[in-house]
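Asks: Each chain, written out:
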Amino acid sequence: MTDLIQEIEQQEYIINMGPQHPSTHGVLRLVLSLKGEIVKNVEPHCGYIHRGIEKMCEKLTYQQIIHLTDRLDYLSAHINNAAVCLLVEKALGIEVPERVKYIRTIIDELTRIASHQLWWCSFGMDLGGLTCFFYGLRDREHILDIFEETTGGRLIQSYYTPGGLMKDIHPNFQKRVKDFIKYFRKILPEYDQLLTGNVIMQARSKGIGKLSLEDAISFGATGPSGRGSGFACDVRKLHPYHLYDKVNFKEILYQEGDTFARYKVRMDEMWESMSIIEQLIDNIPEGDFTAKMKPIIKLPEGEYYQRVEAARGEFGVYILSKGDKYPYRVKFRSPNFSNLSILNTIVPGQKIADLVAIGGSLDYVIPDIDR
Amino acid sequence: MNNEELKQTILSILPSAVFEENTQFLTIQIPADQIHDFAKKIKESETISFDYLFCLTGIDYGDSLGVIYHLRSTKYRHEIVVKIKTSDRETPAVDTVCDIYKTAEFHEREIFDLFGIKFNHHPDLRRILLDESWEGHPLRKDYIDEVNIVER
Amino acid sequence: MDLNIYDFTSFTKWIDTSLHEMMSPFWVTACEMTIIGVAILAFYAVVGLYLVYAERKICGFMQNRVGPNRVGPFGFFQTIADLIKLLIKELVIIKNADKFLFNIAPFIIIITSFLAIAAIPFAKGLHAMDFNIGVLYVMAVSSMGVIGILLAGWSSNNKYSLIGAMRSGAQIVSYELSVGLSLITMVILAGSMQLSAIVDGQAHGWFIFKGHIPAFIAFIIFIIAGTAETNRGPFDLAEAESELTAGFHTEYSGIKFAFFFLAEYMNMFIIASIAATVFWGGWQPLWISGWDSFNHVMAWIPPFIWYISKTAVVIFIMMWFKWTFPRLRIDQLLTLEWKYLLPINLFNVLLMAFIVLKGWHF
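Sequence lines, in order, name chains A, B and C. Taking my numbering, the leading residue of the first sequence gets 1, the next gets one more, and so forth. Taking my numbering, the leading residue of the second sequence gets 1001, the next gets one more, and so forth. Taking my numbering, the leading residue of the third sequence gets 2001, the next gets one more, and so forth.
Each statement offered as a hint is correct.
Simulated crosslink set (EDC-like; lysine to aspartate or glutamate; CA at most 20 Å straight-line):
no.: 1; chain 1: A; residue 1: Lys206; chain 2: C; residue 2: Asp2331
no.: 2; chain 1: A; residue 1: Lys40; chain 2: C; residue 2: Asp2331
no.: 3; chain 1: A; residue 1: Lys35; chain 2: C; residue 2: Asp2331
no.: 4; chain 1: A; residue 1: Lys59; chain 2: B; residue 2: Asp1145
no.: 5; chain 1: B; residue 1: Lys1075; chain 2: A; residue 2: Asp215
no.: 6; chain 1: C; residue 1: Lys2159; chain 2: A; residue 2: Glu37
no.: 7; chain 1: B; residue 1: Lys1083; chain 2: A; residue 2: Glu301
no.: 8; chain 1: B; residue 1: Lys1041; chain 2: A; residue 2: Glu214
no.: 9; chain 1: A; residue 1: Lys237; chain 2: B; residue 2: Glu1079
no.: 10; chain 1: B; residue 1: Lys1141; chain 2: A; residue 2: Glu54
no.: 11; chain 1: B; residue 1: Lys1141; chain 2: A; residue 2: Glu301
no.: 12; chain 1: A; residue 1: Lys90; chain 2: B; residue 2: Glu1021
no.: 13; chain 1: A; residue 1: Lys55; chain 2: B; residue 2: Asp1063
no.: 14; chain 1: A; residue 1: Lys325; chain 2: A; residue 2: Glu54
no.: 15; chain 1: A; residue 1: Lys55; chain 2: B; residue 2: Glu1146
no.: 16; chain 1: A; residue 1: Lys351; chain 2: C; residue 2: Asp2331
no.: 17; chain 1: C; residue 1: Lys2159; chain 2: A; residue 2: Glu43
no.: 18; chain 1: A; residue 1: Lys55; chain 2: B; residue 2: Asp1131
no.: 19; chain 1: B; residue 1: Lys1075; chain 2: A; residue 2: Glu251
no.: 20; chain 1: A; residue 1: Lys55; chain 2: B; residue 2: Asp1142
no.: 21; chain 1: B; residue 1: Lys1040; chain 2: A; residue 2: Asp215
no.: 22; chain 1: A; residue 1: Lys59; chain 2: B; residue 2: Glu1146
In case anyone wonders, no lab produced these hints; they're calculated from the structure.
Produce the entire structure from the sequences given, and follow the hints as far as they go.
Replies: Here it is in structure tokens:
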């Protein structure tokens, strides 16, 4: 009889947070084994949206690859575009005009703010504060309107191109960005009032999902998820590109490594991004919006690696070129793929509700995991 | 540490390392069976301490398969690229480094999935991006798929 | 017929006497029961429908959007359209579910909330069942609803529903203690469990003012525990959409789902009514001693309007909670009850008893 009881107690209750689920933020399947409410093991099954982007890139020109990078982490679309553009420009030794650098930095930071806004609203929604969803999206609309006026697209823009930009910015761009900064500076404290200071939210995120610094480095968890554990990995500081070495901004680091620390990192990053934009928006120099490029781009033979700070971590592009107009091998180092691997280390021992909060704080975009 | 000192330290760890010229990072080629010990040594070494594996790529050179490790030291801020090659295209097998760098667990599964390179002593080597029942390894250059790939 | 809107007793007496003239006492009783049943059913249905509409509009405004505004003026008939949709939906039959329990669970929930509504005084003389243990009766009957939830979760043969039902069961059983104790505090002050006596005792000042500190604490605890009782607001993890699809009512469709949905809103209405009755004076107008003209104006407003407005304010507060706060985790919820609310409640009861004995209330 006791063996039967023991056997029943050891049986694990397997639950599927299937590919379609309101809080996995995309098509990710998590197979949980539970004991009561406690999660014993999480096994992520990804690949539901694998499109073979790396294989496709082997038959596309360098200008065409940019359109595919948009669709990886679609919330940091511009930043991903910048990675490939910078790689090509560095390989060919092309110097882009100052105007382009200013505009790229401003648009990258706007993308970062938009991505964090979407993160905030879905994090609030996952925890149950459904109103946060609408407030975050309402404010994100301002940024998307700015993008639409200049680039024609709201989510996927493909605005950067090797050598510069596709077209010059709209005349309204500067004014609208300045208005948006003024507006958002007043709104961001409201976000703090609504969610950050809330006792329930703090009880559900402090001490939950602790990731140690050593684990963060070993797993390669970069971006706000790593910086919440004290891993100083901000590519904008370590390998500056665009104009990041000429503007003043802080790298946000918190040491606790729990969900609340990751939350605070992203909230503070929004303030820093606004400050970067403010330093640049009034000083955009006149000039060309693109350098002279040949229509067919052929990279010299060799290997190249370019890294940028996407909203979720270090996005890297590795290209092995054999001198052709198509690359021989393209590899995208996706930040979300490394961030996903920490799930089975930080979740076991906690409850299902904590899993939802942790997943929200790690902020996955599944197409980036699956490429 | 600059590249010269790094070269010396690496040669002292593994004399059979071959350095490449004219590359973005300091690039070395090492024999495929040395990778596990080499990785362990460079991670635990106090003077160079490569603890952050930021990119793990599989590659098909046409006649051989390879794996490329991009490593960085968070302490000293220097970087290195380690390449291994195996000319066995039928059953390529390399030692895993996932006990040294935890990020390798998922990345090696991806390389197994898309290239077919097996990693010895990997705790859970199965396909990650493609379905369990998929046949073939798509990122290889000789991968033919009549149905799904449209050739120009 | 004398329809005095300030005192429905004459109206109900008129119905009674005219029925007695027409038929034998047995049929009179039967007829009266039918009338009351139909009236309460109609009230339930209409209030339920419009509570759903009110929630959607209020939550829309809080979320910076408009809410339903197409079906009828200001979207007034939206819930009726939803009701018609639910009525004509297919009742999906689950293969391995326990059919009898699966079908009976929504009915249990609806019936228990009906029974509770029947005991609430809507206006002077408009009180269907006036027991001398009114408070105890309402508590007892509304706690039977948890049986329906547990049956629904169990009989659905679905892991998610089972988890949701278990969570909900634990939550409701725990919070009943707090609800009961805070009501007992006010019963001590009122001196009687009969709901009409409680309301009559508030003619010269609502209990929340009369009982000052302990009554105020009891009100706060009642609102928190009441929201938890009805699986609403920050305590709604039994139906947490972002975690376990829809919890215990995942497998229900059509009219059965409508029952669960309606019962949730009516339970909220019941908690709000009890709060309004026991703490805020029921159908009594606001009365401040010494301000005679003010009291005269207040008394001019009919009692039914007073009752509905007080209930509406409490309902608005409960809706406000839901759309502002994130959700509590199950262990945090139970910790809140057993480690915080229960000791405060017990202390409060003692405090109120002490105050009543010493006569230190207004």
